[in-house]
Structure formats: C-alpha cells, structure tokens
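**Student:** Sequence:
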Amino acid sequence: MQDACETTTSGHRDRRSETLGGLHVLPDETICFILEYLSPRDIARLACASSVMYILCNEEPLWLSLCLKRAKGPLQCKGSWKNTTLYLEGVTQEHDGAYRKPLHFNGFNSLYLYKRFYRCHTSLDGFSFDDGNVERKRDLSLDEFSKEYDAKKPVLIAGLAESWPARSTWTVDQLTQKYGETAFRISQRSPNKISMKFKDYVSYMNIQRDEDPLYVFDDKFGEVATDLLKDYSVPHLFREDWFDILDHESRPSYRWLIVGPERSGASWHVDPALTSAWNTLLCGRKRWALYPPGRVPLGVTVHVNEDDGDVNIDTPSSLQWWLDYYPLLADEDKPIECTQLPGETIYVPSGWWHCVLNIETTVAVTQNFVNENNFEFVCLDMAPGYRHKGVCRAGLLALDESSLEEIEIEASDEVKDTLSYADLTRKEKRIRINRGEEMENHEGGANGVSKRYHVWKNGFSYDIDFLASFLDKDRDHYNFPWCMGNSIGQREMREWLFKLWVLKPEMRKLIWKGACVALNSEKWLHCLEEICNFHALPSITDEEKLPVGTGSNPVYLLSDHVVKLYVEGGLEQSMYGLGTELEFYDVLGQADSPLKTHVPDVLASGILFLENGSYRIVPWDGKRIPDVIAGCNLGLDAVSVVNGEFPFGIWSKTLIERRNLENSNQDTFSSSGTHIWPYIITKRCKGKIFAQLRDELSWEDAMNLASFLGEQVRNLHLLPYPPIKFPLDGNDLITMDVQERSNIPAEWRIFVGSLCQKKKDVFTRLEKWGSPIPRQLIDKVNEYIPDEFFTDLLCVYKDKDCVDKAKPCTWIHSDIMDDNIHMEPSLDDDDDSINCQNKTWRPSHILDFSNLSIGDPIYELIPIYLDVFRGDGDLLKKLLESYKLPLVRSRVSRESPRDKELKLSYRAMCYCILHEENVLGAIFGIWDELRSAESWEDVEFTVWGLLNSYSLLP
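What the sequence shown shows, in the numbering used here, is residues 1 to 954, in sequence order.
Think of the hints as simulated: they come from the structure by calculation, not from any bench. Positions of the beta carbon are idealized from the N, C-alpha and C atoms, including for glycine.
Simulated DEER-style distance windows between Cβ atoms:
| # | residue 1 | residue 2 | range |
| --- | --- | --- | --- |
| 1 | 176 | 123 | 18 to 28 Å |
| 2 | 34 | 688 | 48 to 58 Å |
| 3 | 314 | 935 | 30 to 40 Å |
| 4 | 935 | 542 | 51 to 61 Å |
| 5 | 329 | 541 | 52 to 62 Å |
| 6 | 686 | 616 | 32 to 42 Å |
SDA-like mimics (lysine to any residue), calculated; alpha carbons at most 25 Å apart, straight line:
| # | residue 1 | residue 2 |
| --- | --- | --- |
| 7 | 760 | 788 |
| 8 | 877 | 718 |
| 9 | 153 | 143 |
| 10 | 903 | 929 |
| 11 | 839 | 684 |
| 12 | 334 | 116 |
| 13 | 884 | 818 |
| 14 | 780 | 763 |
| 15 | 686 | 839 |
| 16 | 523 | 465 |
| 17 | 78 | 123 |
| 18 | 504 | 692 |
| 19 | 688 | 814 |
| 20 | 504 | 237 |
| 21 | 596 | 722 |
| 22 | 178 | 206 |
| 23 | 115 | 360 |
| 24 | 78 | 775 |
| 25 | 220 | 169 |
| 26 | 499 | 151 |
| 27 | 499 | 520 |
| 28 | 513 | 544 |
| 29 | 623 | 720 |
| 30 | 683 | 617 |
| 31 | 72 | 193 |
| 32 | 473 | 385 |
| 33 | 153 | 396 |
| 34 | 683 | 533 |
| 35 | 877 | 945 |
Using the sequences provided together with the hints, build the complete structure.
**Tutor:** Here it is in structure tokens:
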C-alpha cells in the first residue's frame with residue numbers, strides 16, 4: 001500500500017484515502033473493530049503497511065482487547081497494553097524493537113479516535129453532579145420498605161453500614177496491605193475470566209488511561225478472601241433471599257466485591273433473572289442513573305435470541321453514555337439520578353435499568369436477592385421462550401417484531417454527529433429512542449415514531465399477570481432450549497422450586513404461581529390426575545403437586561408410587577426412552593442378576609393423550625406400536641426392518657439417534673407440541689435420593705456408595721443385550737464414516753459411526769459452549785481426537801489367529817447421577833431416624849433407565865466421576881476395585897506407537913470431548929486450575945490419569 005498523500009487546503013497532507021486503499025470507504029470505528037479479530041503478529045505486520053495503519057494499529061484499546069483474549073492466570077499490566085500483550089506473546093525488549101518511541105504523522109484526523117482519546121484522558125473533577133432525585137431515607141423500617149419500595153422504586157438509604165468493620169477498613173490502602181497477593185476477578189468485555197493480584201490492580205489503577213477502565217467485580221471474593229465476609233452483613237431490609245435455600249454450588253452468583261477507579265463503572269443493564277439488588281458504598285462516590293422497567297435508555301440495543309431467549313444488551317460504556325448520550329435528552333426524558341456517598345446503600349428493584357459511573361476511586365459490595373415480592377418475576381425470566389424476555393426489558397416496544405425489523409428512526413444533525421456510523425446504519429431487531437420533539441418534526445414515518453416515543457415515555461405495567469401473557473403457549477419447560485444467559489440451569493431451577501415447596505409451606509400459593517410460570521406445573525398436574533384416576537391411585541395431596549428431582553422429565557412421588565411422564569425431547573424421544581426402558585426391564589426379568597433387587601419394580605406403563613379436548617389413556621408394555629402412535633411422524637420407516645419384540649427398543653432408539661446426528665439441522669422440537677405423553681409407574685423406594693444427602697454422608701457412607709456403584713455397574717455391564725435383528729449391508733445409518741471391515745461387530749459399527757459424526761462438528765460445539773472451556777484447547781481439539789476410532793481408540797487386540805478383535809459392547813446406563821441414586825437409612829437405624837442428624841445411609845437402588853445405550857463401558861464412568869463423586873479420585877478407585885471387569889483388552893506392545901491411544905485416560909478424555917452434554921464445563925468447574933492448561937494431555941492426566949493404573953485384563 002503506497003503512502004502517497006494529497007495536500008489539504010490547510011497545508012497538511014490528507015493521508016487517509018491513499019494510505020488505507022480500499023478500506024478508506026469504511027469508518028474508523030469499523031476498521032478498529034475488524035482489527036480486533038487479528039493476531040498481535042498480524043497487527044504488527046499491518047502497522048508497517050502505511051502511516052494511518054500504523055496509527056490505528058497502535059491504539060491502546062486495540063491492544064487491551066488483544067491482551068484480554070490471550071491472558072491466562074493473574075494478569076499484570078506492563079505499563080501499556082501493547083507492552084503487556086507482547087510480553088504474553090513472549091516478545092521481550094531484548095529480542096524486538098517494539099519499544100521504540102512511537103512515530104507521529106500529520107494530515108490524519110479522526111473524530112472517532114479523538115472522542116475515544118478524550119474519554120481516556122478526561123477527569124471527572126470538573127463535572128458537576130447534584131444530589132439527584134432518588135429518595136433518601138435513614139433508619140428505614142422493614143415494614144416501610146416493604147410497603148413503599150420493595151419491587152416498586154429505588155431508594156438511597158443511610159445508616160445501614162454504620163456497624164460494619166468494612167466501613168473503616170475497606171480502603172484501597174488497607175485492602176492492598178492485607179490482600180495484595182490475592183487475585184480477584186476483573187470485569188471486562190472478554191469471554192475469558194481475567195484476574196489480577198490486588199496489588200497489581202492498584203498499580204494499574206494509578207497509571208491507566210483506558211476509556212473503559214478495568215475494575216474488580218468479583219463474585220468469588222468470599223472464597224478467595226474469606227475474612228472479607230466478616231467485615232459486612234446483609235442489611236436487615238434485604239435478608240430474605242429465597243436463593244439461600246440452594247447449596248453453594250447450585251445457587252447463582254449473588255454477591256460481588258467492586259473496586260474501580262475514576263471513569264470506570266457498569267454500563268446500562270437489568271440485573272440477571274430480574275432479581276433485586278442492594279449496593280453499599282464504602283469509599284469514593286458513584287453516580288447512578290435508573291429507568292423503570294421497559295424504558296430502554298438512549299443508545300442501548302436489546303437483542304433477544306428467538307431460539308433460546310438469550311438476551312444480549314449492546315450498550316456504550318458508562319462514561320461514553322454520560323458524555324455522548326445524556327446531553328441529548330430532554331429534561332422529561334432524563335433518568336432518575338443520584339450521587340451515592342460513602343456509607344450509603346442504594347436499592348434497585350427488579351427489572352429496573354441502571355448505569356453506574358465512578359466519580360472517583362470506589363470500593364463497594366453488592367448482592368442480588370429473591371424475595372416474596374420479586375419471586376414471580378424471577379420465575380418468569382427462567383421460563384422458556386423469548387418474547388416475554390424482551391417485553392420484561394423493553395416494554396411494549398418489543399411486541400411488534402416485524403415492524404421493528406424495518407424501523408429506522410431519523411435523527412437531528414446533533415444526534416447524527418454523536419451516534420456512531422454503526423448505530424445509524426444497522427438494521428436489526430433493535431429498540432432505540434430519541435427525543436420526542438425531534439421525532440415529531442419528521443415527515444413520512446413521524447407519526448409512527450412519535451407513537452413509539454410516547455409508548456416508551458409512558459412506560460407499561462410491570463405486572464406479572466400481564467407479562468406472563470407473552471409466554472409461549474406451547475412451552476413445557478422440558479423441551480424448550482434452555483437460555484444460556486439464565487442465572488441457573490434447568491436442574492437447579494427444578495431443585496430450587498421443589499425445595500421452596502417443601503421448606504416454605506406457608507408460601508405455597510405464591511410458589512405454585514411461580515412454578516406454573518416457569519415449569520407449566522398446572523399442565524403436568526392435570527396429566528398426573530388423569531393417570532391417577534385411570535390406575536386407581538390415591539388422591540394427590542398438596543405436598544405431592546409439584547414434580548420432584550432435577551431430571552429432564554416430570555416425576556411425582558405419590559405415597560407408595562412414583563409416576564414419571566416422558567416429555568424430554570418431544571414425542572419421538574419419549575417413545576424410544578420408555579420403549580428402551582421397558583425392553584431393559586424385560587431382559588432384567590429373564591436374567592438371574594443381582595441387579596434386580598436394586599432396580600424399582602414397574603407397576604404400570606401407558607400412553608396419555610389428548611383427543612377432542614379430553615384425556616385418554618391406553619396401557620402399553622412396549623411390545624407393539626400403539627394405534628395412537630402409528631399415525632405420528634416418528635421416523636418409523638427408518639427402522640421398519642427391525643424384527644425385535646420391542647419396536648421402540650434399544651436398537652431402534654440407536655438408529656434414530658444416529659439419524660438425528662446425521663440431520664443435526666432439523667427441528668428437533670417439531671414434535672414437542674404434540675399432546676401425547678408416555679408414562680411409567682414404579683414402586684416408591686424408602687429413603688432419599690443421593691442429591692438430597694450429599695452433604696450429610698460420612699466418608700464411610702461415601703466409600704460404601706462407591707463400592708455399591710462398582711458392583712451394580714458390573715452387574716449392568718454383564719447383562720446380555722438384545723441381538724441386532726436387522727441387516728447392516730447398505731444401511732447408511734450404520735456404515736457411514738466407518739471403515740468397511742467384516743471383522744467389526746455390528747454394535748461397534750453403530751457406536752463408532754456415532755463418534756465419527758460427533759467429531760465432525762466438535763470444534764463448533766465446543767466453541768458454542770465456550771467458557772469455562774479454554775480457548776487454546778478448543779483450537780487444538782481436532783488434533784487430539786483420533787482419526788480412526790475403532791483401531792486407535794477401542795484397543796483392538798489380536799486373537800490366537802492374529803485377527804483383530806474387540807471386547808464386546810455392554811449396556812450403558814449413561815445417566816447415573818446424584819438424582820438417580822437412591823439411599824435408605826442403614827438397617828440399624830430406626831424409621832424415625834430418617835429425619836435425624838448423624839444417621840447413616842446405604843445405597844439401595846439405581847433409578848431411571850430411559851437413557852440406556854450400548855457401547856464402551858468407560859462411558860459409564862463420566863457421569864459417576866464428575867457428578868456423583870465430583871472428581872474425587874479415592875471414590876473412583878473404590879468403584880474400580882468393586883467393578884472387577886476389564887476396561888481394555890490388548891496384546892499390543894507398550895512400546896507401540898499407539899501407546900497414547902491405548903491409555904484408558906485417553907479414551908475417557910475423548911469421550912468427554914465428544915459427549916453430547918457439556919461435561920467439559922463440569923471438568924473445568926471442578927478443576928479450576930485446568931482453565932490455563934496448554935494441552936488436552938494436561939487435562940487428560942489430571943482428570944483421568946488414575947485409570948491407567950487399572951490393570952485388570954482378561
């Protein structure tokens with residue numbers, strides 16, 4: 001690119017058009033945005049192309065973005081973000097000339113870069129902030145707070161922190177002295193979780209000139225610096241928190257330590273899950289701006305994903321909003337504001353938009369909470385679908401999606417000069433509001449725009465019944481995709497509601513309303529009542545109305561019975577789930593296996609369906625295709641060659657799952673709206689599930705559980721499985737991607753074919769899951785997974801005739817998790833001791849065989865080790881001692897080049913990576929230190945290395 005520049009009328013050369021070549025048509029903001037996707041080395045090369053590229057490629061915000069994408073472990077700023085990034089890349093001053101004095105050029109002007117430069121170097125000392133118009137109170141009583149403010153409007157309260165030690169000890173100097181070596185999490189716009197030692201962060205604060213400074217925003221400060229929790233207490237006004245009912249691992253993040261310099265802050269947002277929050281300031285000053293629910297601030301865009309309801313908010317930084325957008329607002333459009341002083345606590349109600357700007361260096365603590373007044377809103381935000389999420393945040397402006405697609409609000413010259421090019425040209429599902437008088441003066445679409453302005457200005461009813469009317473009518477919670485942005489997972493949500501139901505009986509009317517919103521509990525209760533009436537089961541009591549457990553299907557405990565409805569994945573998956581389970585029970589009934597006594601007895605099974613507005617039930621034992629199912633499009637043609645007694649049994653299910661892998665882009669929820677539900681009734685076990693007892697068990701009880709699981713998994717794996725009774729030749733569902741070899745058993749060809757299909761999109765799947773899976777490992781995943789699964793992964797051995805053989809497949813439960821293990825009080829305990837402390841428990845039953853598959857037994861270890869044992873190696877060793885079956889059969893020399901593939905740890909790690917569930921998220925959650933791992937081998941030996949000492953061979 002040539003650096004030939006014209007001379008402007010002012011005598012300076014105009015460098016931009018010539019030095020940027022074809023890129024000169026793009027605004028500077030767009031070019032800077034594109035540069036963030038390049039590597040540091042590419043940026044360095046591009047900086048040599050021309051003078052303007054040199055300028056753009058040496059911008060500190062660019063190097064900050066590059067640095068945050070590469071940072072691993074505690075970050076230490078090396079004077080500038082460019083220097084820090086080069087340090088992380090291994091470029092030192094001795095080996096590179098990057099530390100030369102920067103070059104300077106005239107003839108280049110950029111309003112975008114100038115405004116960013118101004119934000120980097122401006123001081124807030126000269127800014128005038130009044131007290132604002134948020135109500136200020138002192139000595140507020142709980143009764144007054146509940147009546148006047150809770151879930152209604154913000155309030156600034158003095159005096160709540162007067163007795164806290166933090167009031168005098170939480171200064172930057174004192175925190176540095178005590179916690180200087182402690183690493184705290186840093187808030188930034190990066191997929192990586194960045195931390196800095198506090199002393200390094202303070203050094204950064206003193207030298208930084210960032211437009212959006214990093215600040216400590218740590219939700220784990222209570223774990224890394226436990227003494228900080230002793231320095232403050234939750235104010236009496238906010239002590240009711242219904243998330244307290246969850247254990248520490250299940251509850252969402254709720255408390256944060258916040259430390260930030262002048263100009264830092266939190267950009268516009270609504271708190272997660274529509275929770276309420278309190279924030280107490282210990283030192284410094286903060287400026288707050290707030291809007292009521294539904295009034296999206298100027299310059300903010302709300303995106304709601306139509307697939308899973310995930311909400312993304314595109315917003316300028318706090319400082320940028322105050323400088324560039326706030327001055328454009330008419331007085332009647334300005335937010336509610338206040339300046340928070342040390343010792344004051346601000347309360348932010350559910351659903352309120354808020355933005356915070358630190359006027360000077362501040363230290364604060366904040367917590368989110370759920371109580372009686374915002375509980376239903378939290379349940380609503382967890383509910384599946386997307387439209388209601390948009391309405392909760394953007395009000396009535398979110399309703400007309402088709403018209404929002406085409407709306408482009410005209411702006412005055414003043415607004416056009418302030419807003420970025422991207423803001424003025426992007427056409428998305430967005431919500432943008434400008435000043436009313438500007439809108440009304442435009443011709444053409446002015447009337448429509450004016451109406452939208454008045455809708456925005458007048459707000460809307462933040463009423464739970466009104467908001468719930470925008471829920472998807474066909475939702476059932478168990479089939480809809482779970483929003484990744486939800487503060488807790490599906491399992492935790494179900495656990496939370498059931499615990500509330502049991503432990504807060506006086507609040508059941510309210511809890512039931514929330515469960516109907518989040519789980520559609522009323523619908524499932526109607527289904528349960530029909531099943532109970534058909535089978536003459538006892539009447540449903542108030543305690544039995546809510547589904548139990550954390551599984552993916554509604555399960556009810558009724559006196560001596562357990563009723564489970566199959567709904568997960570829609571009708572197809574439900575039919576094959578129950579059909580396979582019934583086939584397994586049939587095999588188990590014919591086998592002389594000790595496992596029989598540890599599987600609940602099946603009392604009845606059938607299919608419930610809605611016909612002409614009335615419920616009907618037909619019994620079904622799994623051995624035929626019911627008439628109500630025959631007319632449904634369940635892919636029966638694909639398995640029409642099945643000759644087995646169970647048309648929805650294990651091999652039919654395997655073929656359908658393989659077909660679904662081949663057609664991953666199809667609508668997997670196409671049958672979720674049908675009104676047909678298979679169900680099963682089993683005998684209720686005495687005692688509790690392991691999930692309820694985890695924290696109560698002694699180490700001896702835990703070791704006994706590990707022995708029990710080893711024995712019963714062995715019994716399961718020794719059971720015969722139904723023979724394959726359909727031809728394999730020419731069946732694309734089986735032979736695709738698997739080498740044509742007659743010596744490969746049919747069941748292994750199916751299993752390996754599925755692995756091959758999963759490998760095709762493994763990179764995309766891991767990239768979608770993202771954090772906490774390290775980016776550097778995602779990039780290397782295809783290098784780690786083998787190319788040929790059968791010989792490279794499954795440890796083929798030579799028989800006496802030197803023919804390749806493989807050990808047989810086995811039944812795999814594949815879902816032995818903490819909610820599928822039942823435990824009873826030990827025999828020496830009285831019945832009354834079930835509710836007493838210091839009791840002992842023994843494992844009794846394994847539950848829920850609807851996820852059965854046939855394949856490599858190592859697969860069975862994944863949920864047990866990660867979910868039940870939570871990565872405890874001693875428990876896994878105990879299980880293997882009781883298992884006593886070979887996990888590998890090989891006569892290949894250990895000096896073979898295939899030594900890597902022969903390791904059990906390698907097989908287990910590959911299965912984790914290829915697993916349809918995000919088990920890697922569990923791994924990097926349990927072994928937090930692995931988030932900085934450089935290779936999959938590091939993860940493999942840390943997690944599964946002990947398997948290599950399991951030497952039991954045939």
